[in-house]
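S.K.: The chain contents come next:
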Amino acid sequence: MATENKKAELTDLEQFRLDHGLALKEEPQLTTLNLGPTHPATHGIFQNILQMDGEKIMDAVPTIGYIHRAFEKIAERRPFYQITPLTDRMNYCSSPINNMGYHMTVEKLLGITIPKRAQYIRVIMMELARISDHLICNSILGVDSGAFTGFLYVMQEREHIYDIYEEVCGARLTTNMGRIGGMERDLSPKALHLIDEFLKRFPKVWAEFEKMLTRNRIFIDRTTDVGAISAERALSYGFTGPNLRATGVDYDVRVMNPYSSYEDFEFEIPVGSKGDTYDRFLVRNEEVWQSLKIIEQAYKNLPEGSYHADAPHYYLPPKQEVYRNMEALIYHFKIVMGEIDAPVGEVYHSVEGGNGELGFYLVSDGGRTPYRLHFRRPCFIYYQAYTEMIKGGQLADAILTLSSLNVIAGELDA
Amino acid sequence: MELTNENVLGKIISEFGEENIWDALNPDGIMTITTNRESIHELIKYLRDDEELQISFLTTMCGIHFPDHKDKEMCMMYQLHSLRHNYRIRIKVFMPASDPVMPTMTDLYATANWMEREAFDFYGFIFTGHPNLTRILNIEEMEYHPMLKQYPLEDQTREDKINTYFGR
Chain A
18 MATENKKAEL TDLEQFRLDH GLALKEEPQL TTLNLGPTHP ATHGIFQNIL
68 QMDGEKIMDA VPTIGYIHRA FEKIAERRPF YQITPLTDRM NYCSSPINNM
118 GYHMTVEKLL GITIPKRAQY IRVIMMELAR ISDHLICNSI LGVDSGAFTG
168 FLYVMQEREH IYDIYEEVCG ARLTTNMGRI GGMERDLSPK ALHLIDEFLK
218 RFPKVWAEFE KMLTRNRIFI DRTTDVGAIS AERALSYGFT GPNLRATGVD
268 YDVRVMNPYS SYEDFEFEIP VGSKGDTYDR FLVRNEEVWQ SLKIIEQAYK
318 NLPEGSYHAD APHYYLPPKQ EVYRNMEALI YHFKIVMGEI DAPVGEVYHS
368 VEGGNGELGF YLVSDGGRTP YRLHFRRPCF IYYQAYTEMI KGGQLADAIL
418 TLSSLNVIAG ELDA
Chain B
167 MELTNENVLG KIISEFGEEN IWDALNPDGI MTITTNRESI HELIKYLRDD
217 EELQISFLTT MCGIHFPDHK DKEMCMMYQL HSLRHNYRIR IKVFMPASDP
267 VMPTMTDLYA TANWMEREAF DFYGFIFTGH PNLTRILNIE EMEYHPMLKQ
317 YPLEDQTRED KINTYFGR
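Protein chains in written order, with the working numbering: chain A, 18 to 431; chain B, 167 to 334.
Hint data in this document are derived by calculation from the structure and do not stem from the laboratory.
A few of these clues could be false.
With the C-beta cut set under 8 Å, the calculated list includes, among others, these residues of chain B facing chain A [what the hints assert, rightly or not]:
| # | residue |
| --- | --- |
| 1 | Pro-193 |
| 2 | Asp-194 |
| 3 | Thr-226 |
| 4 | Ile-230 |
| 5 | Leu-249 |
| 6 | Tyr-275 |
| 7 | Leu-299 |
| 8 | Leu-319 |
Everything numeric in this text was worked out from a predicted model, so none of it was measured.
Even for Gly, the Cβ is constructed at its ideal location relative to N, Cα and C.
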């Protein structure tokens, strides 16, 4: 009797399944999908092993470390000035910020004060780097949602920023810019001219790029409520930078702990409200305008004076002096051979990197190399939230979320 | 309340006692205190939840190895930040190399997950209660913890690189 009753309640489909020896209720069939390690849409080398139910992501296991280069270990054996090239290779979209952050950390340890002019030059270079970083992130977000043109269009402007780097330090991507104690040379007339040209030309380009995406119906539909995170979770996950500000928390190292004369400049911190991909896009867009504002102020009010600190023990003397002057020769030799002893101490210094608070924790035992140098890499810290952000969403949205977080493999793995 | 090193230290000591908090230093404007393994979890929880302090952002944490310090070879450094008061504090815990076991902070901060995995990977710290304590940046098959000072950076059998030529 009981079986008959049960049979009566069955639907046609269930009856069919029963007749053909299938389970009454369909078990969700999960597909395992390897997203990465090398995939054109991840823009870097990260692997995510996804459990998919159709197009829906049920679970993700990220694997990182594909380009781990042991920078913290290498730094324990190198003289201080040879560590700067390592920092280049962390966030390679905004190398000058990493360089300057590291220089400032060592300067804090050595107790060197930098002249105003050098600080302003650093601010100009750091803000140019921030623009090039955000420009890549936002235009790649356009590419991943199907708008390729804007990417190529603003890439031209990144070339112009790299031309400025080239004029200032000789390199384009991994810049190794500046030195402990200031800049390696003053801004040349050509560099000043290039910055001036950039300031005149770039606002038009960026306004046009914004016009293409900001009020674009397709783009808004693709990015709103995608990869959203609440402010509480973001803080718990240690988010900093534009990704945290998109959730509505106005934490910016440049304002909270000003370094390199940031207190002299007037600028605003844009914040979002929902912490989704669209908010992150808007925050980065607005930060580019604010960076332009800072560069303009620094360029107009560039103070006179020296471009480096008077610290002969740590700052290389001019090359022509090395051949003429005994002291200069000795200092040059000692610095190049890495025979400069740093004082005992421990310092933490953080700068606002392209992706957030880029911190350097340096422990010195009085030797010629750091005893311990730890990098607080914003990408490494916030990428662990990625699983939580994409769960329950579509695969195509996961790609957009990854792009909008601006995860840089070099910084992730150090 | 304006947070200063003095009043924060006073609050912490009145809560945890002199025997658990010692070596309050100020090397670079950030107060550094030392505590023991038994108190660290409670201390970080207290700093996070106290109404006046609100030191509720885990900026970073990292291991340090001091092979010459007898019975205090391993050091774990936590750096916390109060975004409301813009106040930073650094907490250190020392322990012998034979027993690098720490309580996990993953129940207080989600970000501690990967930071602790990194400390395990590079220094061999064991975090009791961690949900997934596996290597993160190095390969799984690695048999040692590479940031420990007993592992030199370069191949020591090489004869073509003489230290004195490189100023080391």
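S.K.: Evaluate each hint against the coordinates.
M.R.: Hint check:
1. Pro-193: Hint on Pro-193 of chain B: holds, closest Cβ of chain A at ~5 Å, below 8 Å.
2. Asp-194: holds (4 Å)
3. Thr-226: The hint holds - Thr-226 of chain B has a Cβ within 8 Å of chain A, the shortest such distance being about 4 Å.
4. Ile-230: holds (5 Å)
5. Leu-249: Result: holds, 6 Å to nearest chain A Cβ.
6. Tyr-275: Constraint on Tyr-275 of chain B satisfied, holds at 6 Å.
7. Leu-299: violated (14 Å)
8. Leu-319: holds (5 Å)
Comparing the model with each earlier hint shows a violation of hint 7 alone; every other hint is respected.
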